[in-house]
Amino acid sequence: MEEFSVLIGGIAGDGINEAGQTAARLMTRQGYRIFMYYDYPSLIRGGHNFSIVRASSERIGACRDEVDLLIALNQDTLDRHASRLKEDSIIIYDADKVKDKVPGERSCAIPVTEILKEEQALPVMKNSCILGAFCRSTGIGWPVMEEVLRKHIPKRTELNLKVARRGYDAASEFCRIDKLAGSPEPIASGNQAISLGLIRAGLEAYVAYPMTPSSSILDSMAHWAEEFGLKVLHPESEIAVILMAEGFAYAGRRSAVGTSGGGFCLMTEALSLAGMAEIPLVIVMVQRTGPSTGLPTYTAQGDLNFVINAGQGEFPRLVVAPGDAEDAYLWSAAALNLAWRYQVPAFILSDKIVSESQYSLPSDLAAKAEPPAAPLLWDGQGIYHRYRHSGNGVSPLAYPPQRGQVIKVDSYGHDAAGITTEEAQITREMSEKRRLKALSLAAELQGYETVALFGKEEGKTCLLFWGSNKGVCKEVAERRGLRAVQMLVLWPFPEKRMREVLQGVERLIAVECNCTGQMAALCRQHGINADDLILKYDGRPFSPKDLELELERRGA
Amino acid sequence: MKPQDLSTAARNTWCPGCGNFSILNAIKAVLAGMDEEGYPIENTVLVSGIGCHGKIVDYLNVNSFYSIHGRTIPVATGIKLANPDLNVICFSGDGDSLAEGIGHLIFAAKRNIDITLILHDNRVYGLTTGQYAPTSPPGFKGKSTPAGSIEQPVNPLDLMLSAGATFVARGYSHGIDQLQSLFKEAIMHKGFSLVDVLQVCVSYFNMYESYNKRTYTVEGNDITSLVEAKKIARSWNYNDLNSPIPLGKFYQVDAPRFDQAFSGTGPLMAREDKISSKLESFI
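Sequences listed follow chains A and B, in order.
The first sequence begins at 3 in our numbering and counts up one residue at a time.
The second sequence begins at 7 in our numbering and counts up one residue at a time.
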């Protein structure tokens, strides 16, 4: 595997996320596949932010601990990341901000502040300057840099180019990031992919209250609202958010909401309403480190139990957990369609790593997601009953206005017409109707790849994981000849498919970013027992080395 | 269409003498009449919360969304934005909209979204059998305040005027003609309208005798004057048992509406190409 890792670090406000994305775009033009992790504390100015861009000949979803090149916009970056440097790592730094003399022949001091001053450039243009130096040091030709800046920096392009060229000229070549055969690919965050997947399957309204790490979905949707004909709202609370979305759905408009744990806590009462009233709805739930406010900008997989069990009473739901941006695009489209086909709440359970990391996407991805699938609609015959019984539990939908008909939905126990009742027999029948929907949904899901298989398919030792651990587990399994199984659908529990893909496994190792092994416990409830748990709960993702050390410790 | 055509087979479970019957009868007459006048009944969607008031949607053969406690307005907002041609009416209780859902109420007024809220204001929690409510007078002895409530009540009309509502009125369950005319005007009004209905709970806070003595209808007031409307609204703050209680329309003005600002949804099938070009722009 050809690969190259770059770390860019500075203070919040330096534009470290954008700088990382620019580096990613430079390297995708050399034919590499990208994964970029962005690490930032919960503050706006100061602190320490860094991006690690890992470029590889293979599709990847994790970062290594070591880097081949370190770009330091300040002293702090050098101090914090010294342990990531290998003997042959290159260091590029802002000579005006890094006060310690950087030893070694493979370092390059760029007088960034001086260049900006001379060119009368804005502070944020320091990234263009230092990335110009990055190109030169790694043998990426100037025309590649020029193309990226012209495409992605529409404002003050010429000045940015000038500053970048100064950086380019000030550096010297240390190595060459060899050009690979692959063609450049789109680079997107999981949140962008979720947004586009929902849009692909016919989303009409997105409603959200900002909450890290889900906020960039709201930002994207609002930015794209006019282009895609979306109605995008940011109301007074998460309680209003989910109820507005249910109002949209009642009137026949496909809606989704997005939040993180705390916001979802506020939504649970209306989640149960969606279950009882049979309102189709997509909830994007992006996990961060909890409990409570926790570590707002760091990752976790601590909300699986909560999402599967949230809301009073028993009602069907769908929970899908994409493992990267490609999964996010495809499964967001599927989740929206399934929510409407079964008139249930559907969760896209993401985490900070999937949502805020940047991933290369296959160039032909757009067409691969499901187009909008028509829900079961009323045929216009006879008297409309919103909750009419049917063979699969799904009642035909109709939306107001319908002359001569009424469409009544109800949070109370209700009869087929949607009128409140507390009759024992109707209560039982309606519970069974909802149960039937759950079974029908589970049956339809058997036609989906609810559980994905990677690595050595007949391996006796198997890593079992969900969400963003896909990247690290897939990579380590491939290297060590292990089987790797990713749960994409967590609820309804895909028991049949799980038994198929785990056939012949002698040692099952669950890998999760939580402290109790929630996925493993869910599997145990269905008779699938993990022999080992490898858990991480410090807010940071597993690196391949983290995982390999844990495996070695267990002799696996 | 006649008012009785809007009845359902659901058995009415309100207490005999409940003020909610007046609201039910008034809204039936208004909606049936509007259907005759070219406002088809199928264009109306009713949204209710939870409490005695909420049962009204079971008794009306009209499109409805029987929501949860305190949550009429966000549902109604979603419905209105999804289809601005619908006529969306919320029925809500004083506990419903002034306690659990007061944030939504303020935002509806602030947005001036074109929905109507009819507030079943009996000043007590009925369905939970008699606790003090946000509009109960100080000293109210309910099950949760046996020594008497020590809070000052909310004045919903004053609050709505301050928050930006563009139609504010008060009716009384003993004045069905006035209720009908206020409901119709509120529904026809373009913007957020609130009708506070002093709706008597015969079981837990029977104010018929008091209200009969004290209520009067305002006349000749300048409905476009916020200052005058506030003065009328504040002339009784729900906190005493003696002062006169004004009824009628206090305020009505035109203002830009939230629902006007949302453009329509684009055709769904044209999206694949747009997504391809979006991905292209990410390279």
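Keep in mind that the hints were calculated from the coordinates and are not lab data.
Note that the structure is predicted; figures quoted are calculated from it, not measured.
Incorrect hints may appear among the rest.
Unchecked claim - Taking lysine-lysine pairs in the DSS-like style, the calculated list, with each CA pair at most 27 Å apart, reads:
(1) B/K190 to A/K157
(2) B/K190 to B/K147
(3) A/K370 to B/K280
(4) A/K462 to A/K370
(5) A/K88 to A/K370
(6) B/K280 to B/K116
(7) A/K153 to B/K280
Each hint tested on the structure:
1. B/K190 to A/K157: With Cα atoms ~54 Å apart, B/K190 and A/K157 exceed 27 Å; violated.
2. B/K190 to B/K147: 36 Å, violated
3. A/K370 to B/K280: Distance ~14 Å between A/K370 and B/K280 Cα, so the pair holds.
4. A/K462 to A/K370: 33 Å, violated
5. A/K88 to A/K370: It is violated: about 41 Å lies between the C-alpha atoms, which goes past 27 Å.
6. B/K280 to B/K116: Given that 27 Å is the threshold and the Cα spacing comes to 35 Å, the pair is violated.
7. A/K153 to B/K280: 18 Å, holds
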